[in-house]
Amino acid sequence: MQWGSVSEFFAMGGYALYVWGAYVVTAVVIGAEVVALVRRGRTLRALVGRSSHAQSD
Amino acid sequence: MGFTNLNIWKYSSPQTFYPLAGRMVPWFMGVAVVLGLIGLYIALFAAPTDFQQGDAYRIIFIHVPAAWMSMFTYLVMAFWAGIGLAFNTRLSSMMAHALAPTGALMTFIALWTGAFWGRPTWGAWWVWDARLTSELILLFLYMGYLSLVAAIDDPRRADKASAVLALVGAINVPIIYFSVKWWNTLHQGSSVSITRAPSMASIMLTGMLVMVFAFWAYSIAAALMRVRCEILERERDAAWTRELKKS
Chain A
10 MQWGSVSEFF AMGGYALYVW GAYVVTAVVI GAEVVALVRR GRTLRALVGR
60 SSHAQSD
Chain B
973 MGFTNLNIWK YSSPQTFYPL AGRMVPWFMG VAVVLGLIGL YIALFAAPTD
1023 FQQGDAYRII FIHVPAAWMS MFTYLVMAFW AGIGLAFNTR LSSMMAHALA
1073 PTGALMTFIA LWTGAFWGRP TWGAWWVWDA RLTSELILLF LYMGYLSLVA
1123 AIDDPRRADK ASAVLALVGA INVPIIYFSV KWWNTLHQGS SVSITRAPSM
1173 ASIMLTGMLV MVFAFWAYSI AAALMRVRCE ILERERDAAW TRELKKS
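Here the protein sequences line up with chains A and B, keeping their order. Under the numbering used here, the first residue of the first sequence carries the number 10, and numbering increases by one thereafter. Under the numbering used here, the first residue of the second sequence carries the number 973, and numbering increases by one thereafter.
Be a bit skeptical, because a hint or two may be false.
[To be verified] Footprint (simulated), chain B over chain A, 3 or more residues, beta carbon under 8 Å:
hint	segment
1	13-24
2	34-47
[Claimed, not checked] Computed Cβ-Cβ distance ranges for the label pairs, DEER-style:
hint	chain 1	residue 1	chain 2	residue 2	range
3	B	Tyr983	A	Phe18	42 to 48 Å
4	A	Trp29	B	Phe1023	17 to 23 Å
5	A	Gly13	B	Gly1002	30 to 36 Å
6	A	Val38	B	Gly1002	19 to 25 Å
7	A	Leu56	B	Gly1026	50 to 56 Å
8	A	Ala55	B	Gln1160	47 to 53 Å
9	B	Asn1156	A	Ala36	30 to 36 Å
10	A	Phe18	B	Trp1212	22 to 28 Å
11	A	Val44	B	Trp1212	46 to 52 Å
12	A	Phe19	B	Glu1215	41 to 47 Å
13	B	Tyr983	A	Gly13	21 to 27 Å
Hints are computed from structural coordinates only; laboratory data are not their basis. Backbone N, C-alpha and C define an ideal beta-carbon position, used for all residues, glycine too.
Make a model of the complete structure from these sequences and hints.
In structure tokens, the structure reads:
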């Protein structure tokens, strides 16, 4: 462990803007991709399910 | 038609690949999460402060994996696009389309984190340097590829046209990779190489490699999730997709 306190960790030796600016944006865009993919898959599987229903009627 | 009996062709059919991809997604995503957490622990807690760059260097743990994946994903995308073009296998083309958005995302992350690293170390968010410019061209290639796929209504024609773009654009990848050797650039040379000892502390190297494998597993998981969507979109009217809900 490299840090003496929590505030020291967040300060990143004075480079907080750069380190957190890089990490947070990376986390946000990857998170957004996962959410978008899960939603797209759900929508499509629901559509396929509906068309199967219409067919079996 | 003896070829159709060979097992290697079995998974080239969207119908057999769809459930297989579905079973692989949780494994790759699980590996990505576990390695990502270990990598982040090393990156933010275990690795010591760099004696030259202070804590700004910690950006390396996401910058290098994203940059590697941006190039590698492009080559894999061009490979599948080329296979689709040569053998007319529609799953190969779908795989190429599925890889492109994740590759573009990795390119964006590499450029973004690079800017946030360049500012404290070089004093500039952006410079028109060979490495940075060729990586920006990679982002444009991904976006051009995706726009071309979206612009052509007939999916099989879109597969062929976009495959040509992907293959021609692949020439940019070695240009990015060797740019730091071919031109005098501000960007530092590679810290890791097969031919010589790495120029970084072993805990830093370990953290970076763990993150590389995390990004790798994530990219595979995301591409598999997306190829399943592509399959459903294209094969919506096929008999087998209508059977999906019943089973």
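Item to check | 17 to 23 Å as the expected CB spacing between Phe1023/B and Trp29/A, which holds or is violated | outcome: 22 Å, holds
Next on the checklist: Count the residues of the segment 13-24 of chain A whose Cβ falls closer than 8 Å to any Cβ of chain B, and tell me whether that reaches three.
Outcome noted: holds (count 5)
Checklist entry - In this structure, is the beta-carbon distance linking Phe19/A and Glu1215/B contained in 41 to 47 Å? => result 53 Å, violated
Next on the checklist: The hint says 21 to 27 Å between Tyr983/B and Gly13/A; measuring C-beta to C-beta, is that right?
Outcome noted: 54 Å, violated
Next on the checklist: Within 46 to 52 Å: is that where the Cβ-Cβ distance between Val44/A and Trp1212/B falls?
Outcome noted: 28 Å, violated
Checklist entry - Using the C-beta atoms of Val38/A and Gly1002/B, is the stated range 19 to 25 Å upheld? => result At roughly 21 Å between Cβ atoms, Gly1002/B and Val38/A fall inside 19 to 25 Å, so the hint holds.
Item to check | Ala55/A paired with Gln1160/B, Cβ distance criterion 47 to 53 Å | outcome: 49 Å, holds
Item to check | Proximity test - 8 Å, beta-carbon atoms, the segment 34-47 of chain A to chain B, at least three hits | outcome: Since three or more residues must qualify, the claim that chain B covers the segment 34-47 of chain A holds, with 8 doing so at under 8 Å.
Checklist entry - Does 50 to 56 Å hold as the CB distance between Leu56/A and Gly1026/B, or does it fail? => result 52 Å, holds
Checklist entry - Taking the beta carbons of Asn1156/B and Ala36/A, is their distance inside 30 to 36 Å? => result Hint holds: Cβ distance 35 Å, inside 30 to 36 Å.
Next on the checklist: 22 to 28 Å was suggested as the range; check whether the CB atoms of Phe18/A and Trp1212/B agree with it.
Outcome noted: 52 Å, violated
Next on the checklist: Taking 30 to 36 Å as the stated bounds, is the beta-carbon spacing between Gly13/A and Gly1002/B within them?
Outcome noted: 34 Å, holds
Violated hints for the displayed structure, listed by number in ascending order: 10, 11, 12 and 13.
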